[in-house]
Structures are given as C-alpha cells and as structure tokens.
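Trainee: Guided by the hints, dock chain B onto chain A, whose structure is given.
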Amino acid sequence: MGRKLLTEHINVEGIDTFEVYRKHGGYRSVEKALKTMTPDEVVEEVKKSGLRGRGGAGFPTGMKWSFLAKPEGIPRHLVCNADESEPGTFKDRHLMSKLPHLLIEGMITSSYALGANTSYIYIRGELLYVLRILEKAISEAYANGFLGKNILGSGYDLDLHVHPGGGAYICGEETALLESLEGKRGNPRNKPPFPAVQGLYARPTVVNNVESIAAVVPIINDGGDEYAKLGVGKSTGTKLFSACGHLNKPGIYEIELGVPVEEFIYSDEYCGGIWKGRELKAVVAGGSSVPILPKELILKTAAGENRLMTYESLSDGGFVTGTMLGSGGFIAMDETTCIVRNTWSFSRFYHHESCGQCSPCREGTGWMEKVLHRLEHGHGHMEDIDLLVSVAKQIEGNTICPLGEAAAWPVAAAVRHFRDEFEWHVTHAKEAARPGAVYPGKAVLA
Amino acid sequence: MAKITFDGIEIEVPDGTTIMNAARTVGGSIVPPAMCYYTPLKGSGGKCRACLVKVTAGSTKDPRPMPKLVPSCITSVQDGMVVENTVNQQVLDVRKGIVEMLLINHPLDCPVCDQAGECDLQNFAFEHGVSTTRYTEERRTFDKIDIGPLIQLHMTRCILCYRCVYTANQVAGDRVHGVLGRGDAAEIGTYIENIIDQDFSGNVIDVCPVGALTDKTWRFKSRVWFTKPVNAHRDCPKCSGNVLLWYKGKDVLRITARKDEYGEVKEWICNECRFEKKETSDWTIEGPAHIDRSSVISANHYELPVLNHSVVADLPESTQRELEKNPPLKLGS
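Protein chains in written order, with the working numbering: chain A, -6 to 439; chain B, 7 to 339.
Since the hints were derived computationally from the structure, they do not count as laboratory data.
There may be inaccurate statements among the hints.
Below, simulated DSSO-like cross-link-like pairs (lysine-lysine); rule was C-alpha separation at most 30 Å, straight line [to be verified]:
#: 1; chain 1: B; residue 1: K254; chain 2: B; residue 2: K9
#: 2; chain 1: B; residue 1: K102; chain 2: A; residue 2: K40
#: 3; chain 1: B; residue 1: K222; chain 2: A; residue 2: K184
#: 4; chain 1: A; residue 1: K184; chain 2: B; residue 2: K227
#: 5; chain 1: B; residue 1: K222; chain 2: B; residue 2: K265
#: 6; chain 1: B; residue 1: K256; chain 2: A; residue 2: K177
#: 7; chain 1: A; residue 1: K40; chain 2: A; residue 2: K63
Partial chain B-side listing against chain A, Cβ under 8 Å, derived [as the list claims (entries may be wrong)]:
#: 8; residue: K53
#: 9; residue: I80
#: 10; residue: G103
#: 11; residue: I104
#: 12; residue: L108
#: 13; residue: D115
#: 14; residue: T139
#: 15; residue: R140
#: 16; residue: R225
Every beta carbon over 10 Å from chain B, so not counted as near; a handful from chain A, in silico [claimed, not checked]:
#: 17; residue: G51
#: 18; residue: E346
#: 19; residue: E356
#: 20; residue: G357
#: 21; residue: K363
#: 22; residue: G390
Each residue gets a CB set at the ideal place from its N, CA and C atoms; glycine is no exception.
Bound conformation, chain B alone:
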C-alpha cells in the first residue's frame, strides 16, 4: 500500500494505482478531469494533458518535486507522494490553456450536437475554461465522411483523444479505422472509405468524449435532457445485455451501455442490443437509472410510477436498494 497526500487529503491506495484513480477513491471535485483516459481501455491516457497535476514531493525515498507537471492518469503513486491539483495555480493555469487549445478546432455547435448534455468537453470547459478565446485564425474543417449506416463521424468535433481507436482495437475487432495524418491535420478516418459495422463497434459512440461519433439511429430525435434513462437487460448471446434505454414518452430513442460516475462504460454492449432492439418488449426493465443531480439529464424531472412490490415482484434487489437510496424526483421538485 502507498500513502499519498492529494490536495491535503491523505489517501492510502494499493501500489501501482495511478494518481487519478487514487483521487477517484475520494471522489468529488478534486478528481482531475480526463478527456482521453478511459479505465477499461488499455493504453489510453496521457494525451489530452487535461489531468496534469503538480507532484511537490515524489516519494518518501526521494522527496524532491517532479520538475514538470505529470499526467495523473498514467503516473503511478509512490509512498509519500504529495500531489497538488485544485490547490496549485500552475495546474489551474495549464488547464485553462488546455481548454483553449481543445476548443481551437472544436466547434461550439452544442445547440445542434447530439452529445450536448453529456459532453466531457462541455463540462471541462465549464469547470476550467474561460469564456473567450484568443484564437482568430481559420479553423480546421473536414468534408463529411460516411462510415456506414450506424455511426456518424463528425471529424470537425474530434479532439483526437484516441479512445475510439483503442476501442476498435481492443473491443470491436476487425479494426478498419484509426488516426490518419499528423499534427493538427490528423484525423480519425477509415482506410479506405470503409464502413464501421463490426459487432461491438457501437461502443466507439459511448467512449467518444465529444460529439464526433454519434448514433445515427438517435441523431436529432431529441435532446438528452428530454429523455429518461432506464436500466434494462435482455438475454443476449453476445454481450451482457445490460443497457440503458433512453425513453421519450413510450418510445425508446436510443440504447447505450451503462456508465459509472466518471462516464466510463461498465460493460461493452453489442450492436444488436444497441441498434436493433428498440422496443420495450425486447427488454426486462429494471427501473430508472441514477443520474447525478448536477447533470443536465436530471433536469427532466420525470416521475416514476409508484412502486408496488406485488406488481413488480421481479425487480432486482439491487434496483430496489438503488431506488431507496436515490428516490425518484417528483414533478415540480
């Protein structure tokens, strides 16, 4: 075990834990932001530099400060390490700079983007950015690329986090897409004009932190805050079948994998579950998903049906506990 001090808070974590995951054991606003790091994806992290932190003491053995800021998502803790994140001005200044850099070529088309309301960059910019930019040059634009009937690629919005590339490599199989070109001319693309329709390829939509990869079956159907996420499962031969159904009225508008509090997919789901099972009858409904109160998604203030255990006797125990812990919001609350 290693003891570290993170923003003045003492944390004890197993050896080999990253600084980011150590901070996540405490949770809340001290956790560094992550645009490219994604726990389930091996090799991810270290690219966006959003999670840079200051290590003011390397370890008990070598208490010297690290000369540069370090990416917390890929740097392992050492016993006696002292890390500054929210309390270090240099870190906060760099983060402002990173937001500015990321927004150079990312269009602020949030009003029409399907990712609005669940966009990591939107949150990152809101928490760490400034309201103006100093960038006055021409911005990067791309021609639209058709990558098949399921997924829409909006390259202009891409921040080159590489998450989808790792997903394609590690989850989808038969990878046909990756990063082409270099520098600010680099782009996510298929070689050559392939379509992306492998069995688990839909997961690239879930891992995309911005709206560069979106679900063609859901595009422009609603805003996310007008929908109601409901946990559901089905007996799927390919994946766990544990999903979120996003309802608007009685209609299932989209289906996604379930995510943890850091927006990371808990279990990958197959394309059949994601794109082809859009009827309530395809699923066993478990109950409403817990949405953080600070999220815009919880703004829909929907009311749950009154739970009658005799009627919904097959409701899993975990869901019942979840409902007791986080009672559904009432209309007008």
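Just chain A, with the same shape it has in the complex:
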C-alpha cells in the first residue's frame, strides 16, 4: 500500500470530532506554524513541497500564494473552493464529511500564511449534510481556541465561515465563486484583474481547492522537502482520485502520484479491474471536462511507456493526444459503452451549466448538445461530425472562463479518437438508435 497523508485516519471511529482528531495528531500544523514559524516561512514550505492545485488546473499552490498582493491596511482573504460538482469527481465531499477538522486545520495554517483574518469555505449547496458537519467542527475549533481571537496566544485572529452555494456548476470557477460569495449572480469575471490582486470584495484573495488546503497540513507537519520526496518529477505528494464507472472497486483512493494507470485500474489495491471481466474501452482521467482517451493511449505514453498518474505524463502530447489529471475524477468505460451517447451526456451537462454570459459558450454548448442528440438518436448526417469539431473549436479559448474548454474538449477528443463510432451512428442509424446499441468496431488511434 502507498503512503497516505490525508486519509490515514479516515476510518477511525469519531475522527470527525475535535477530541478524536486531536488524539490522532490533529492541529499540530497550527501549533507549529503559529508558534515557531513566520507566515513567509509557511509559504516557503508549501513552495518547497511542489504542491500543485488539486482542483483541476494544477497550478503550483506556493507560487499562487506568493502572487497575493499585500497592500498595507487592506484585508486579505482565503477562500476554500468546496463547490465540487464535476461529473465523476467526488473526492472533496468525502474528505470534508469524514475529516472536517483536517480542512479546518488546513484553513487556519493557510490563512496564517496569507495574513488573512477572515476566511471562507464556499460549499456546494446540495451538500447540506456536509455543511452541517463542517459547521459543527468549526464551532468545536472555536470552543478549543483554534479559531477566533488570539489563537493559541499567538496574537493571530481568524474567523472562518461556511457559505453554501446555490447549486450551479459554474460557481466552482473561482471568479464566479467570488461573485456568488458576494451575493451576486454567479457569473465569471473577466481576468485580469486576478483574484490575487482583486478578489473577494475587491480585496486580495487566494482561492484554493479543499484537497490543496488539506495537503498543507502534512506539508507543515513533516516539512515541504519530505512531501516533495513523494511522487514523480513535478507531480509531488499524494492525490485523491475518485474512481467510478465500470470498475470492480469504484471509490476514493489516495495514491502517491506516479502509480501507473494500468496498476491503478487492475491491481486489487486500487480499482480491481473492469467489472464482469470485460475489456476496458476508454478512460476519462480527470473529471468529465478533460479529453477522453481510448484504452491504448491511456495505458501507454507516446513513447510506449506505461503512463503514470502524474500531471505531466497524462498531458504529454498536449491536447492533441493527451488528457489531463484534472481534479482526479477517474471514469472508466468498458467495451459496452456507447461513446456517442456518453459524449452527448457530458455535453448535455455543460449546456445546462453554461452561465450564458459570453456568446460562444452560451450558443455553442447548446448547439453541440443538439447535434449529438441527433447523432445518438439516429437522425445525424456525416457532415455533423465535422460540424461538432468546428463548433468545439469556435468555443475553445474564446470564452470568459474555462467552462468553454470543459465543454469543447470532451467533444473534440471523442470525435478524434472514436470517429468510426460517430460515423457508424450515421451509417447504421436505426441500429445505433436502439437502446443499449454499441459500435462493434475498435477505436481509431489518432
């Protein structure tokens, strides 16, 4: 078994209470940071660790922190992005519901590093039960002197608030999240200015994912260098993966970055292989927004080596042949999966969740969904396939926020790797439109 930094005690009875969490070494990072380190030293440790944002973009967390503007007399904020809602991604929910104090501990240490005295956890509105768990844990932290005025006698004050969102996927985009947190409609902002300069209430703000903030705890406890020893290359530490789809053991796994994809899918330690003894057909490695890859590409790199679960190895070849580690939403599809139907399903989601602010996303996501609906239901034409690619290209890179890419990449990648299957849906329209119909051929490797 690989080393677990975040979920080591996740199955301990009562770990969601302050006493039990404390008994298992909880809040050590707060004590260490507040009593023995300056804020800059905490930032330095995070930089040394090489931690990359666990929300999807993979931007180095320490570097993001160092971009924070620090004008005199103006408050700064840390906002935890707990609006997890990408199809296939469900790791943060698990972490928060089982280990609420881990997140709170990370929030305190990180807020101290950033000089923030008011911090927020913006949680997806549907996760009401997790919100209650967090609220209870926060009140325990207040009661035990880890939140509020003069924490542990250090002179540092911190207030922590949990704020439920209204249930829109777009509010997981950091600037839309800030708009929503300010009480406005959750529309993404144009950048620049970036949140580090002008974020919540126009103040310098850092927005980090739940898992990124939780990872600060082991980084401070053991030191950034220790953390950086785990993983491969620039992908350091451990990462939570939410594995779902046609797997024998779907679930949430904390793995040391660098485990080969094949091992992750087939070994009994992790997903235990494809269910019912079937063949793997394709994988979406990092949540529904990242490009889908057929089995042959997800298991081997362009150089013919075993792919590793790292930020770099999954994206080698760029978006032409590669994909992304994303948020770790690992979706496996067996040989009976209809790629057209699957792509339509993803596309329907992004169409529904587009905020409608900018024209390419507002109009393009709906267009793609409708064309895919036609193809899936046996009314498509051959030229529709190129049309899909063209519309995806019109959206990609031309929108205010990354939802445009999230909508375009899955469609473009599906056509690129499974074009034969799309064509089969046109040439065998009646057959393809039958519920459960599956393309009998193989994927075409681009």
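Mentor: Just chain B now, with coordinates in the frame of chain A:
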C-alpha cells in the same frame, strides 16, 4: 504613455487605455467591433467576444505572445504591445464564428424590426459574417412580455449583451429588470412582471445593439432611413436636454439621445424628453445631425433649408461649424 503597434500602425496612448480605445484613436475599419462594450457603462464588455484580437507581443518587458485571443475592449495596453486585428486570420475566423453563434437565436426579421438600419448586429454580420448558417436545430423563442407602456421587449432578438442591465443599474435607478436563467435559456426579464418606467429607463432602448428593446411610441411608424435626424435641445430640469429629433415631414416620430461615431450615447436623456415632447415647439432646433455617409440613414437625401444667418441668428457656433464641415446632401446627389 504606452506605445503599441496595432495592425502595423504605431499608436501612443495613455497608460491604462484599452486596446479597443487605442484603436479608436486611429478610427476607421481597423477598430474591432463591439456588441457588448459601451464606454459610458462601467463593467460592460468582455461578453460578446466580437472584439477578440491577437496579441503577438505582450509588452517590451515580456514580448511573448498571449496564448489566447483577448477581448480588446477590456484589455489594457502595455508599452511595446503588438496587436493584430484585421490582419490576423485566426481573429477573422473567430469573428465569423461569433456572428454565426449570435445569429443562431437572433431572428432575421430585419424587414419588420424597428432597429433595422441602425443595428449593430446587422453591421457586424455584414462586415464579418457569412451568408449561410450551419444551424438546423430548433431556435429559441419566447412569449411576449409586457414591460410597460414605453418600452417593448422582444426577447427573441436579445443577444444578452447585458448593456441594458448595466444601464438600469447605473443610470435608471430602481432597477426592476435583469438576466434570469442561465445558458441559452437566459433571458432579460422583469421580476415579477414589473413595468419599466423609471425616469431614465428609456436609455435602455438607445444602448440595445439589436432590436430587443424598442420605443413603443415609435414602433412601426417609419423606417429609420425615411426620417431626418435633427439636433435639438430644451431646458430640462432632469437631464441635459440635448437630443436628436427624428422627423418625418413635419412630425417628430421619435426622440433619442445623441450618439458618437461608435454608437455610444454622449449624454443620457430623461423619459420626459424622450417620450413626452414630440412637438417641434418643445425644442430649440440646432440643425441637422451629421450622419456618416456609409450609414443607411443618410440614404434619405434630404435637403436642408438654405441657411440664412440673419434668420437663424441663434444657431450655435458649433452647429454652424458642423454644417460647414459636412454640408447637407442635395436632392438627387
């Protein structure tokens, strides 16, 4: 000051100027189109993506190209920036795509639309679009919504530029309308079935780039190219009182605020001036407004009365200068 190169032309503009406004200092056809950006409205811009340009060099300090196309209306210039607009194929291709997207749900009802002849989308499509569409699906339609006696909302024509929302927020006060819903189901609407009649609400008509918000007192009375725009003013306690009267014969069919060459309102006008003062006697006439020769509005070829300075002694100097610079068109010219 920052020096930038825009389509090969060197421009020097104050720091903080946007790429769009830098291009506007040169003017002409190199200026990127804008469907949502509106200088007088704070926060507007960046949504329609019509003005995307390619920055091939970010600045003197960091000459790397910007990875994506950037919206010129909200991106500030940097010293040494190199921008490509009309000379970049990627930009032109994207613009074709944007026109196609905007026209998906915008009906081509120009023959009956009151905005015809002064529609930004019509101009944008003419300059950057293609004559066909690849869209064959069902289009978005809306039930008619009554938003009061002054303004007609045609939601089917709306391209969700948000200009009217900003106007309502920043100019009209007591805002009762905004964007409801999201994605392509988003719509401009009032909550709940309110009417829009605040004192400056009529300005939403002027800022609307398409015919989604039109003047109920002018609807279907004429085509814009059959009317004659005349500058006029009155002593108004609420606004500047500087307006355009749109004449057909002796009748004032509609009144709008005056706009600059980019179609942006120079001074907001109140609803009293816009909707209630439709008699010539209500106004001091300054003279005919200058209309660009390329505009369909100038097609009316009207003839001005011969100016006799002894008769029209109170004609403002600025109007006289304007008339000398742009002599009125003669019949048959």
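Trainee: If a hint holds in the structure, say so; if it does not, say that too.
Mentor: Structure-based check of each hint:
1. B:K254 <-> B:K9: Not OK: B:K254 and B:K9 at ~47 Å, beyond 30 Å, violated.
2. B:K102 <-> A:K40: Judged against 30 Å, a Cα distance of about 44 Å means the pair is violated.
3. B:K222 <-> A:K184: The hint is violated at about 38 Å.
4. A:K184 <-> B:K227: violated (44 Å)
5. B:K222 <-> B:K265: Holds. B:K222 to B:K265 sits at ~20 Å (cutoff 30 Å).
6. B:K256 <-> A:K177: violated (48 Å)
7. A:K40 <-> A:K63: Holds, at roughly 18 Å.
8. K53: holds (5 Å)
9. I80: This interface hint holds because 5 Å falls under the 8 Å limit.
10. G103: holds (4 Å)
11. I104: B:I104 check passes; min Cβ-Cβ to chain A is 6 Å, inside 8 Å.
12. L108: Result: holds, 6 Å to nearest chain A Cβ.
13. D115: Status violated, d = 18 Å.
14. T139: violated (11 Å)
15. R140: holds (6 Å)
16. R225: Hint on B:R225: violated, closest Cβ of chain A at ~27 Å, above 8 Å.
17. G51: Correct as stated: the minimum Cβ-Cβ distance to chain B is 16 Å, above 10 Å.
18. E346: violated (7 Å)
19. E356: Check fails; 4 Å does not lie beyond 10 Å.
20. G357: For A:G357, whose nearest Cβ neighbour in chain B is about 6 Å away, the distance does not exceed 10 Å, so it is violated.
21. K363: Not fine: 4 Å to the nearest Cβ puts A:K363 too close to chain B.
22. G390: Non-interface label fails for A:G390: nearest chain B Cβ at 5 Å, not farther than 10 Å.
The earlier numbered hints that this structure contradicts are 1, 2, 3, 4, 6, 13, 14, 16, 18, 19, 20, 21, 22.
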